[in-house]
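Undergrad: Here the protein sequences come in this chain order: A and B.
Those letters in the first sequence? Residues 1 to 117, by this note's numbering.
Those letters in the second sequence? Residues 1 to 110, by this note's numbering.
Keep in mind that the hints were calculated from the coordinates and are not lab data.
Hints may contain errors.
Stated by the list, open to error - Within a straight-line C-alpha distance of at most 25 Å, the following computed DMTMM-like cross-link-like pairs (lysine to aspartate or glutamate) qualify:
#1 B/Lys45 x A/Asp85
#2 B/Lys2 x A/Glu22
#3 B/Lys79 x A/Asp71
#4 B/Lys45 x B/Glu56
#5 B/Lys45 x A/Glu26
#6 B/Lys42 x A/Glu110
#7 B/Lys42 x A/Asp85
#8 B/Lys2 x A/Glu105
#9 B/Lys45 x A/Glu22
#10 B/Lys45 x A/Glu59
#11 B/Lys79 x A/Glu26
#12 B/Lys45 x B/Glu5
#13 B/Lys79 x A/Glu59
#14 B/Lys45 x B/Asp82
#15 A/Lys79 x A/Glu22
#16 A/Lys80 x A/Glu59
#17 B/Lys79 x A/Asp85
#18 B/Lys2 x B/Glu15
#19 B/Lys2 x A/Asp71
#20 B/Lys79 x A/Glu22
#21 B/Lys2 x A/Glu26
#22 B/Lys42 x B/Asp57
#23 A/Lys79 x A/Glu59
#24 B/Lys42 x B/Glu5
#25 B/Lys45 x B/Glu3
#26 B/Lys45 x A/Asp71
#27 B/Lys2 x B/Asp57
Here is how the chains run, residue by residue.
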Amino acid sequence: SQTIHQWPATLVQPVGSPLSLECTVEGTSNPNLYWYRQAAGRGLQLLFYSVGIGQISSEVPQNLSASRPQDRQFILSSKKLLLSDSGFYLCAWKGGLAGVGRTGELFFGEGSRLTVL
Amino acid sequence: RKEVEQDPGPFNVPEGATVAFNCTYSNSASQSFFWYRQDCRKEPKLLMSVYSSGNEDGRFTAQLNRASQYISLLIRDSKLSDSATYLCVVNRGSARQLTFGSGTQLTVLP
């Protein structure tokens with residue numbers, strides 16, 4: 001079965017420090033992968049998506065970057081965090097292929113809650 | 001105007017009540033629609049897709065009105081376990097074009 005994991009689950013970082021969030025997917029190959037951010041009281045905002053190794057599309061200009069060094073690994077990074085980077089970060093992969101999930105269904109990781117102080 | 005708008009609530013209802021949520025979307029080119037459920041401090045999970053003819057899954061009924069550009073979710077016989085935030089999601093054609101509403105918070109009271 002397909003699973004998705006992301007870590008760390010919680011982190012508190014000072015302004016100006018670097019960030020690395022990691023996401024891995026198991027049980028599927030060549031998944032479409034996504035990074036979302038959910039700020040308090042707001043909807044999910046798509047940050048990056050990737051259709052394959054080394055292929056990253058950025059949806060909004062920001063202080064963050066993403067990389068996909070392996071087929072089932074997706075990393076979200078920042079060199080210098082801002083206060084506005086605080087939020088709940090969610091990695092997801094898209095189902096609907098090979099009978100997994102329903103068309104358009106996104107499967108989310110457990111999320112990483114970032115607080116920038 | 002937001003692309004997807006929901007009443008944030010909170011909706012506080014007693015067990016056994018029927019509750020309905022509405023969601024409006026602004027882009028008439030939207031093609032598919034979903035309701036996700038998100039428990040407190042957890043990741044969202046798909047509750048149900050919304051089909052043009054309306055669809056039912058147990059106590060949950062979803063409806064789509066393309067002319068008025070809104071979708072709805074009806075929950076009958078509410079359970080304590082239904083307490084969560086319900087996210088309306090609209091798709092313009094690909095997963096990168098999924099737009100999430102900010103969610104409607106439901107609390108079912110004993």
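Undergrad: Now tell me if each hint is right for this structure.
TA: Results of checking the hints against the structure:
{"no.": "1", "hint": "B/Lys45 x A/Asp85", "verdict": "holds (24 Å)"}
{"no.": "2", "hint": "B/Lys2 x A/Glu22", "verdict": "violated (30 Å)"}
{"no.": "3", "hint": "B/Lys79 x A/Asp71", "verdict": "violated (41 Å)"}
{"no.": "4", "hint": "B/Lys45 x B/Glu56", "verdict": "holds (17 Å)"}
{"no.": "5", "hint": "B/Lys45 x A/Glu26", "verdict": "holds (18 Å)"}
{"no.": "6", "hint": "B/Lys42 x A/Glu110", "verdict": "holds (6 Å)"}
{"no.": "7", "hint": "B/Lys42 x A/Asp85", "verdict": "holds (19 Å)"}
{"no.": "8", "hint": "B/Lys2 x A/Glu105", "verdict": "holds (22 Å)"}
{"no.": "9", "hint": "B/Lys45 x A/Glu22", "verdict": "holds (20 Å)"}
{"no.": "10", "hint": "B/Lys45 x A/Glu59", "verdict": "holds (22 Å)"}
{"no.": "11", "hint": "B/Lys79 x A/Glu26", "verdict": "violated (34 Å)"}
{"no.": "12", "hint": "B/Lys45 x B/Glu5", "verdict": "holds (19 Å)"}
{"no.": "13", "hint": "B/Lys79 x A/Glu59", "verdict": "violated (38 Å)"}
{"no.": "14", "hint": "B/Lys45 x B/Asp82", "verdict": "holds (13 Å)"}
{"no.": "15", "hint": "A/Lys79 x A/Glu22", "verdict": "holds (15 Å)"}
{"no.": "16", "hint": "A/Lys80 x A/Glu59", "verdict": "holds (19 Å)"}
{"no.": "17", "hint": "B/Lys79 x A/Asp85", "verdict": "violated (36 Å)"}
{"no.": "18", "hint": "B/Lys2 x B/Glu15", "verdict": "violated (32 Å)"}
{"no.": "19", "hint": "B/Lys2 x A/Asp71", "verdict": "violated (34 Å)"}
{"no.": "20", "hint": "B/Lys79 x A/Glu22", "verdict": "violated (36 Å)"}
{"no.": "21", "hint": "B/Lys2 x A/Glu26", "verdict": "violated (35 Å)"}
{"no.": "22", "hint": "B/Lys42 x B/Asp57", "verdict": "holds (23 Å)"}
{"no.": "23", "hint": "A/Lys79 x A/Glu59", "verdict": "holds (19 Å)"}
{"no.": "24", "hint": "B/Lys42 x B/Glu5", "verdict": "holds (21 Å)"}
{"no.": "25", "hint": "B/Lys45 x B/Glu3", "verdict": "holds (21 Å)"}
{"no.": "26", "hint": "B/Lys45 x A/Asp71", "verdict": "holds (23 Å)"}
{"no.": "27", "hint": "B/Lys2 x B/Asp57", "verdict": "violated (29 Å)"}
Violated hints, listed in ascending order, are 2, 3, 11, 13, 17, 18, 19, 20, 21, 27; each of the other numbered hints is respected by the structure.
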